[in-house]
Each structure stands twice: as structure tokens, then as C-alpha cells.
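Number of protein chains: 6
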Amino acid sequence: MTDSEERQARYERGMALMNEVSGGQAQPFIDSLSDVSPQLVRQVAAWGFGEIYSRPQLVPRDRQLFTIGMLTALGGCEPELRLHIGVALNVGVTPVEIVEALLQSAGYCGFPRAINATKIAREVFAERDLLPVEGAL
Amino acid sequence: MTDSEERQARYERGMALMNEVSGGQAQPFIDSLSDVSPQLVRQVAAWGFGEIYSRPQLVPRDRQLFTIGMLTALGGCEPELRLHIGVALNVGVTPVEIVEALLQSAGYCGFPRAINATKIAREVFAERDLLPVEGAL
Amino acid sequence: MTDSEERQARYERGMALMNEVSGGQAQPFIDSLSDVSPQLVRQVAAWGFGEIYSRPQLVPRDRQLFTIGMLTALGGCEPELRLHIGVALNVGVTPVEIVEALLQSAGYCGFPRAINATKIAREVFAERDLLPVEGAL
Amino acid sequence: MTDSEERQARYERGMALMNEVSGGQAQPFIDSLSDVSPQLVRQVAAWGFGEIYSRPQLVPRDRQLFTIGMLTALGGCEPELRLHIGVALNVGVTPVEIVEALLQSAGYCGFPRAINATKIAREVFAERDLLPVEGAL
Amino acid sequence: MTDSEERQARYERGMALMNEVSGGQAQPFIDSLSDVSPQLVRQVAAWGFGEIYSRPQLVPRDRQLFTIGMLTALGGCEPELRLHIGVALNVGVTPVEIVEALLQSAGYCGFPRAINATKIAREVFAERDLLPVEGAL
Amino acid sequence: MTDSEERQARYERGMALMNEVSGGQAQPFIDSLSDVSPQLVRQVAAWGFGEIYSRPQLVPRDRQLFTIGMLTALGGCEPELRLHIGVALNVGVTPVEIVEALLQSAGYCGFPRAINATKIAREVFAERDLLPVEGAL
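Protein chains in written order, with my numbering: chain A, 1 to 137; chain B, 1001 to 1137; chain C, 2001 to 2137; chain D, 3001 to 3137; chain E, 4001 to 4137; chain F, 5001 to 5137.
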């Protein structure tokens, strides 16, 4: 396997994983920036998913909770928050768990970040017909 | 008074205060997230307003100036900035004082945050027919 | 139960929980700021733990992963990161899972935040004689 | 020269420079906030450009690369990012250099900030008919 | 008055004001960076204080509350927080007001930022023999 | 070349480049975290340097200016700022250019971030006997 064969394999492994967890959103993402920064989107797939996300040391469910925590705290990451809340649902996190985690975020990042992320969660839940969130009280 | 009676009382005290300072925006805010995270909005009212904001150690005017400072620095808090600039006007901060505070913010958070917050202030002032800001120079 | 009895009960419930998950660090924390802001530390216990953390909608293990994600992204939260990495170990998150989550953080917050949090994790692990981290590769 | 003559001269020097590097966007910017905070926009011109940007110790090209780095990391500065990516093109930074710098930003601020800034760059390039970016791979 | 006379006058006006509000800390600050960036410290005095802080549109007490709000939210600004909490005391903000504002900050920036700023306040109060804070409860 | 041979090659290419630009600081950095997160440091070398930094689309000097801009804005990245200011000097950025860029940062991130980064620059310059900075005025 030459260097470039290996790179291609890693990219394809990442794309497959990204597609699986996101429910097919990998290719549209890649396409959206391919005329400006093909390398950036390639690295999201090849490195972010092919190298890091695919490691067995942390289960997908834990990766998603951890990631939603980071994105909530950072602020200004609405598209990524939307994606990862969707992925979290796909890998078994329940809506009420997501909502509860975002409630907890108020104590660490303040209410504005918590409310903003909860609004994004609401949009994702609405698209999947998951409102009102069962068990949220 | 049982625990749950006390909780209800605290929530109602918070709602009344939130309504008073915001000019009636408490219920619409509560409603906007009630199907996704009723607890989060409840805590804004019961804790944020009922427990903290209602304390007499700092007057409302000072709370608002301090809060607008935080929201300007955080970035990405446009809805809260809009709300609190409105509240600030309600509790006696003048438009020219808000504009001057945001001018000062340039030196601590940089011009992008200062400009962004000033645009939000402009929107709030426009809705209340307060443009051009008198005494701003 | 009067209002103040309920407040005291909530505070005590929060202190007990905080003590349990942190291995007895609640009282020293309360004492450290009692001469400057007794209400702030009281609210960490009564609200943060007594109201929020004690809710059954999310298991402690998930709360910790989510919280470490937020603290890593925020930056400048070294004392809280130290506390919560310790709590995470107490509620069953393994060192290798923490390390893996922080590896993933590089892709969302960048390497500086990931490295900084990993250094804090290293300090906590060292105190507990958990170095080298087994299974980290 | 009196104090106010000097102030006026500084302002005009800043406006001229701001207009030159931005391709005529100085006056529209000044006008956009003149009814709310004439002093804030005046300081962007008089201080930001007339005092700081005009200093000879750093060439315009370097100022732009450095500034795009700051704006990418801060998040929530889309209008300024748009302006400075345009200015960068005006002073000789190539599209492929901008794209490459933003690729590198993933390692320091994480992919969400890198992707967000790259989308803004894409908009600026599209307006100038610079897509697909030549040499980006 | 020539341009450079005006600049010198503005710098001296800023230095006098900075010295007055900070209790004589202007010159040590200027000296601390004079061998690396004399212009940066000069601009803090000439622009930050001589141009902005000296404007009459906002009273010093309000400027300080607003500024402490920004610095708390930003994080990583311990030296500036220390300075401005001291200045706030000098211009008439009471310790209990500062402590209360920082309690409120928990709801907007989260407990880690609130606790960090309160620790800094505790240091400033300790130096001035203001502990325990009277009226804080 | 097998997959693991390719990985090893990429790592070694990254280490060589990291060592070259940092003046031999790659191995100490790798060693500092090898007992807690060998993969994290490996990825800094293999991905950060071997994949990204080594690309020819941006010259090292531009990469450093851009990176110092990001680190200044992020805050809380003192070790990385120290490293990259040193690297910047190694690849031909002059002290006065660094100081000027950090002066400019005041307008985008505010004075606290600018002052903090300038203090770090001062430490790096002091170690290399570059104080007072020639031409800084």
C-alpha cells in the first residue's frame, strides 16, 4: 500500500463512519465546501472520523455527549450542534437526556448558552417529530 | 408550606419580577421552550429571578449594566442582549449611557464585540423610537 | 415546612450529594469563600447539586463526561476541571475514557485546549497513582 | 493646530486608509451606526486605522493574516471576517493562502471555527468570481 | 498646538486619570512593558483613559461595574480584574455590591467564571482589610 | 508500505519538522504527556505538523503570524503562545513585527488579551536577549 493508497483508505473509512452516524450527511457536507477548501472537508472525514472517532476507547454515545458539551460551551457552533444532536439521537441518547444535559450546562456556561443550545435541540426534535419531549419536567 | 408549595411560590415570585422588568416578556419566553425543556425556563424564572435577581444587595440598574457587559463579552448572546438592553431602559439606564458603555467595551473585548452589541442596541432603540440617540457624540 | 426550612433542606441535600461524588471536598470548598461570598458557594450546593445534579434524568457518569467537555472548551477552568475529572473517576469513568474524550476535544476546541485539559487529567491521575494510563495508545 | 483640528486630521487619515484597503466600505460603515454611536465608528476610523493600522512596523498583508486568525478564533465575528478577508485579497493575500490558513486554524480553534470561517471566505470569493479556488487541494 | 503636542497632552491626561482611579498604579504598569511594547501601554493611557474613560457620558462607578462584567465573562483576565475591582472600590462601589454582581454572573457565564472572579475579589478585599465582607449573605 | 509503516513515516516527518521549527522542543513535548495520552502528542506531530504544517500552500512565516493571532484571541494558551512566538522568531518574524501585531490585537480582542500576549512575548525575547525591542516605539 503506497502513501496515497493509505490516505485514500483512511478517507473512505472516515466517510463511511461519518455517513453511518449522521444518517447520510457526509457527502453533502463534503460537497458544500469542495470548491473552496477540499482539504478541510477531507480532513474532517479522514482525520476527525477515520483517525479519531473510529477509535474503540470511547463508545459513540459518550463521544456525542462530550461533544455536545463542548459545542454548547463554545457558542457560535449552531450547524455542528445540530449535526451532533442528531447523531446523538442516532446512537441512542434519548431526547430527555439531551435536554437534561443542556439544563446542567446553565451552571457551567450560563443560561444564554444553555438556552441557545436547547433551541437547536428543539429544531432537531421537531424535524423528527419528537416534541413534546417525553419525560422532560 | 410544603417543599412543592415553596417551589411554586419561588417560581411565581420570579415570574412576577421577570414580567415587571421585561415589560411582560416572561410568559412568551416560558412558552417558547415549554415543549422541549420546561425545567430550563422554569429555572430562569425561579432561580435566576426568584432567587438571585430579587436580592436587594444590588439595584436593578447596576444589575443591567453588569449583565450587558457580560453578554457583550461572551458574544453569540444576541437574544439575551436584546432583552437586557430593553430591561436596562425600563429600569432607568439612558440610551446614551448604554451606547457609552458599549463604546468602552471596545477596549476590553475589541471592536467586533462592541459593534455587534451596538447594532443590537440600535434595534431596541429603533423599536422604541429612540433614534437618533440624544447626546451621543 | 416554612420557606427557610425548605431552603435549608435543599442546601443540605446538595451538600450531601456534592460530598459523596467529590469524596468530601464540599465543606472545604464552602469554607474557602465563606468570608467573601457565602451565597455563591451556597448556591453551588443548593442549586447546582440540590436542584440540578440530583435529578434522575441523566446518570452521574454522563453528567461528568458532558461537564468535562464544557470545561475543556471554556478554558481557564482548571480548578473545576480538576474537581470534575476526580468526580468522573469516582462515578466510574475510566482514565482511558477521559484521555480519549480529551483527544477528541482537539478536533472541536483545538490542540491547546486539549493539551491543557490533558495536563490537568495527568495531575489528577498522578495523585491517585493511575499513571501510566493503562490502555492509552 | 488645535486639539480638535488634530482629531479631525487623524479621523480623515484613518478614513482614507480604511477606504483604500476596503475598496470604499468606510463611509457605509460609518453611516450604518451614526444615529446610535457616532463615536464608536469614529474611533474605528480615527484610532483603529488612523493610529494603529497606519503604522509602518507591519505590512498590510501581515496585518490581515494576523487579524483573520483572531477573528476566526473569536467566533461570532462574521461581518468583520467578511470585511478582512476582502481586505486581505486587496492587499495581495491569495485565495489559496487564506484557505490554507483556515485549514490550519482547525488545529488551534477546532473544526467548527475553521468551517465557519471557510464558509465566509467562500462567500467573499463567490462575489469576486474566485471559485473554485485555484491550487486548493 | 502641533500634532505631537496634542498626542503628548492626551497621553498625560490619560496618565493622570489612570493614576487617580487606580491609586497610583499607572506608572508601574507603563514601566512593566516599556522595553517590549512602549506603544501598547501608551495607548492604554492615551486612548483607553485619555480618550474613552474620561468621557462624561457614563460615571466612573458605572464604567467599573460594566467592565468587571466583561472581564468576568472573558476569563483569563486576572490582572485586569484585580485592577478594576480595586478601582471599583476607589470610585464608590461597595464590596457587597461587587460580590452580588459576581453572584449574578453565575447565571450568565456559569459558576466557574463566577468563582474565579470572586477569588480575585477576595484577594483585593484581603489586601484592604475588607474581609469578611459586611452584609454579604 | 503498509498502513502502519505509512503512519510511522508521517509521524517521523512531523517530528522532524516540529523539531526544526521549534529548535528541538518536539521530543520534550512528546515525553511530557507520553504516560497519559501518547496518542494526543502523536497527533500533534503526525497530523498537526506531518499533515498540515508541512503543506507548501503557506510559508512558515505566515503560518506563525496567523497562529499567534488565534492564540492571542483564544486566551488561556500561554504555553502555545510561548512556543509559537519562539517559532516565529526562528522562521524570520522580527520582534518588532510581533510586538506590532500584538498592538493591533487590542482593537480586535481588547487590551487584556493584547497585554497578556505581550507579556509572554517579553519572556521569550528576554530568554534570547532581545530586550529592549529595537525599533518598537
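Rather than coming from a laboratory, the hints here were simulated on the basis of the structure. Using N, Cα and C, we set each Cβ at its ideal position, and we do this for glycine too. Honestly, I wouldn't trust all of these hints.
[As the list claims (entries may be wrong)] Okay, derived cross-link-like pairs now, EDC-like style, lysine to aspartate or glutamate, Cα gap no bigger than 16 Å in a straight line:
| # | chain 1 | residue 1 | chain 2 | residue 2 |
| --- | --- | --- | --- | --- |
| 1 | E | K4119 | C | E2123 |
| 2 | E | K4119 | E | D4129 |
| 3 | B | K1119 | D | D3035 |
| 4 | A | K119 | A | D129 |
| 5 | D | K3119 | A | E78 |
| 6 | D | K3119 | A | D129 |
| 7 | F | K5119 | E | E4078 |
| 8 | A | K119 | B | D1031 |
| 9 | B | K1119 | D | D3031 |
| 10 | F | K5119 | E | D4031 |
| 11 | A | K119 | B | E1078 |
| 12 | D | K3119 | A | D31 |
| 13 | F | K5119 | F | E5078 |
| 14 | C | K2119 | F | E5005 |
[Unchecked claim] Going by beta-carbon spacing under 8 Å, a handful of chain A positions derived as facing chain C:
| # | residue |
| --- | --- |
| 15 | R7 |
| 16 | Y11 |
| 17 | G48 |
| 18 | S54 |
| 19 | T67 |
| 20 | G69 |
| 21 | L71 |
| 22 | A73 |
| 23 | L74 |
| 24 | E97 |
| 25 | S105 |
Original post:
Measuring from the C-beta of A:S105 to each C-beta in chain C, is the shortest one below 8 Å?
Top reply: holds, 6 Å
Original post:
Going straight from one Cα to the other, do D:K3119 and A:D31 come out at no more than 16 Å?
Top reply: holds, 12 Å
Subject >> Restraint satisfaction for A:T67 [CB to CB of chain C, less than 8 Å] >> reply: holds, 6 Å
**OP:** Classify the hint on A:R7 as holds or violated, based on whether any CB of chain C lies nearer than 8 Å to its CB.
**Re:** Not OK, violated: A:R7 not within 8 Å of chain C, min 18 Å.
Subject >> Interface hint status, A:S54 versus chain C (Cβ within 8 Å) >> reply: Check failed: Cβ of A:S54 comes no nearer than 11 Å to chain C, outside 8 Å.
**OP:** Report holds or violated for the interface hint on A:E97, using the least CB-CB distance to chain C and a cut-off of 8 Å.
**Re:** This interface hint holds because 5 Å falls under the 8 Å limit.
Subject >> Given hint E:D4129 paired with E:K4119 - CA-CA distance at most 16 Å >> reply: Cα-Cα ~15 Å, so holds.
**OP:** Mind checking the alpha carbons of A:K119 and B:E1078 for me, to see if they're no more than 16 Å apart?
**Re:** holds, 14 Å
Original post:
Holds or violated: are the alpha carbons of B:K1119 and D:D3035 at most 16 Å from each other?
Top reply: Given pair B:K1119, D:D3035 holds - Cα atoms ~11 Å apart, limit 16 Å.
Original post:
Does D:K3119 pair with A:E78 here, judged by a C-alpha cut-off of 16 Å?
Top reply: OK: D:K3119 and A:E78 at ~14 Å, within 16 Å.
Original post:
Does A:D129 lie within 16 Å of D:K3119 when you go C-alpha to C-alpha?
Top reply: violated, 30 Å
**OP:** With a cut-off of 8 Å on the beta carbons, see whether A:A73 makes it to chain C.
**Re:** Hint holds; A:A73 Cβ to chain C Cβ min 4 Å, cut 8 Å.
In summary, the numbered hints that this structure violates are 1, 6, 14, 15, 16, 18.
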